[in-house]
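Chain residues, written in single-letter form:
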Amino acid sequence: MYAQFFGSYLLNNKIVTPDQLSEAISKLKESRMKLGTLAMHQGLMTANEVDEICYIQSREDKRFGEIAIERDYLTDEQVEELLHAQNPDYLLLGQNLVDMGLISNEQLQDLLLDYQNDTEIYDMDLENQAHFDQLVKKFLIVSEDNLDEYAKSYLKLLFNDFVRFIGEDFTPMAPVPATEYPVNYCVKQVINGDLNATTYLDMPKETAIEFASRYASMDFDEFNEYVKASVEDFLNLHNGLYGVNISNQNSVELALEPPTSVDEDIIELDDDSYVIPFIYPFGTLHLIINFSK
Amino acid sequence: MSAPVILICDDSILARKQLHDVVERYIPEVTIYEATDGRAAIDIYKDKNPDLTFIDITMPVMNGIDAIKGIKEIDASSEIVVVSSVGTQTELKEAIMAGAKDFIQKPFSVSQIKILLESFFKEG
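Chain order of the listed sequences is A and B. Counting in the working numbering, the first sequence runs from 1 upward without gaps. Counting in the working numbering, the second sequence runs from 1 upward without gaps.
Since the hints were made in silico from the structure, they are not lab data. For clarity, every value in this text was computed on a predicted model and none was experimentally measured. A hint or two may mislead.
To be verified - Derived DEER-like restraints, expressed as beta-carbon distance ranges: (1) A/F223 - B/M97: 39 to 45 Å; (2) B/I104 - A/N160: 44 to 50 Å; (3) A/S217 - B/K122: 52 to 58 Å; (4) B/I96 - A/A85: 46 to 52 Å; (5) A/R164 - B/K114: 38 to 44 Å; (6) A/S104 - B/P60: 53 to 59 Å; (7) A/S217 - B/D43: 47 to 53 Å.
What the hints assert, rightly or not - Result set (BS3-like, lysine-lysine): computed pairs, CA atoms no more than 27 Å apart in a straight line: (8) B/K106 - A/K156; (9) B/K122 - B/K106; (10) B/K122 - A/K152; (11) B/K69 - B/K93; (12) A/K228 - B/K72; (13) B/K69 - A/K205; (14) A/K228 - B/K106; (15) B/K17 - A/K188; (16) A/K188 - B/K106; (17) B/K114 - A/K205; (18) B/K69 - B/K17.
All residues carry an ideal CB built from backbone N, CA and C; glycine is no exception.
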């Protein structure tokens, strides 16, 4: 399942605001999964039972598992299994929303069920263009005429490349049409050939440091030439892969101009430009694309 | 053999550093020269005559394919490996036609470079 879309799902259903979602995602780094959330997700405990134990924990100095076993909600074996189970990232995101007081455990339980039911049919097959289109439509609320086929396949590859080179712990937000964009640290690359596109990748410098550390598998602690180059490299790599894909599939030949840093404070964008935010725990990146035939 | 001389040509400072670090790890006695575009690579090649040249395709001023052609004109026996994030089929074909011996895709793995260096600089 595409765990990245849980955040979009929450936004679309007006469960959280974009700011609240960003905050919950930024807390993922230091959050640890709680036994109660896991037990609820596995259907071993109800939200009420979890709330009850949390209440007892506020009065007695005991661990969650200990109380759950005493009360016969869980067995020793179940606690062991829960502690060692692999769990999807979106579960932790949901738990953060409960910790922030934005939703109750009961709401989380319902949301997880609804989300799973909603996404079940799309059990992620990245090679399947039709599934992906449905996902994009459903979660990014993109109407048919907003993004053409080339832009959609560009986004699909971008999701893959983020997963492959940066990490799967991101949440994409809906593309927003824009005519101008205020720059943080921004890299631009122009694609020419049978198809013309201008692409930008923008992020605050602090975010770029972490982005680059992940991309280059090096520990950067300041915004330097290597960090800048990493952002350029990523965009260049992604656009290059796109060019290869599209030339194989559609016999469309593309040429890339070298990526460059944007010096202006504000970019003036052509018509039909879209800004797409991607929230990572370490910050938000913005991809800006404009496709013209 | 004497200490190898290697030329790394890439417009990305990150790509140069990554390759530089890996090469130095496996061949500590190596001498490495760096160029940021194809034109500079040809100039350095003329001057330093490296044993092996790593070259990117997409670069400003002069791209990798034209640089390979330029280097081959100076020295037909030059050993050149393309290191590029991607290339279209046409670009790759052109690079091989121009005389590149091998192609490594970025981001490369350390073991890929190690195997390549061993094949070029094996003792005996």
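Tested hints:
no., hint, in the structure
1, A/F223 - B/M97: 39 to 45 Å, "holds, 41 Å"
2, B/I104 - A/N160: 44 to 50 Å, "violated, 21 Å"
3, A/S217 - B/K122: 52 to 58 Å, "violated, 28 Å"
4, B/I96 - A/A85: 46 to 52 Å, "holds, 49 Å"
5, A/R164 - B/K114: 38 to 44 Å, "violated, 22 Å"
6, A/S104 - B/P60: 53 to 59 Å, "holds, 56 Å"
7, A/S217 - B/D43: 47 to 53 Å, "violated, 32 Å"
8, B/K106 - A/K156, "holds, 20 Å"
9, B/K122 - B/K106, "holds, 24 Å"
10, B/K122 - A/K152, "violated, 48 Å"
11, B/K69 - B/K93, "holds, 13 Å"
12, A/K228 - B/K72, "violated, 33 Å"
13, B/K69 - A/K205, "violated, 39 Å"
14, A/K228 - B/K106, "holds, 17 Å"
15, B/K17 - A/K188, "holds, 22 Å"
16, A/K188 - B/K106, "holds, 20 Å"
17, B/K114 - A/K205, "violated, 34 Å"
18, B/K69 - B/K17, "holds, 25 Å"
The structure does not agree with the numbered hints 2, 3, 5, 7, 10, 12, 13, 17 stated previously, though it agrees with the rest.
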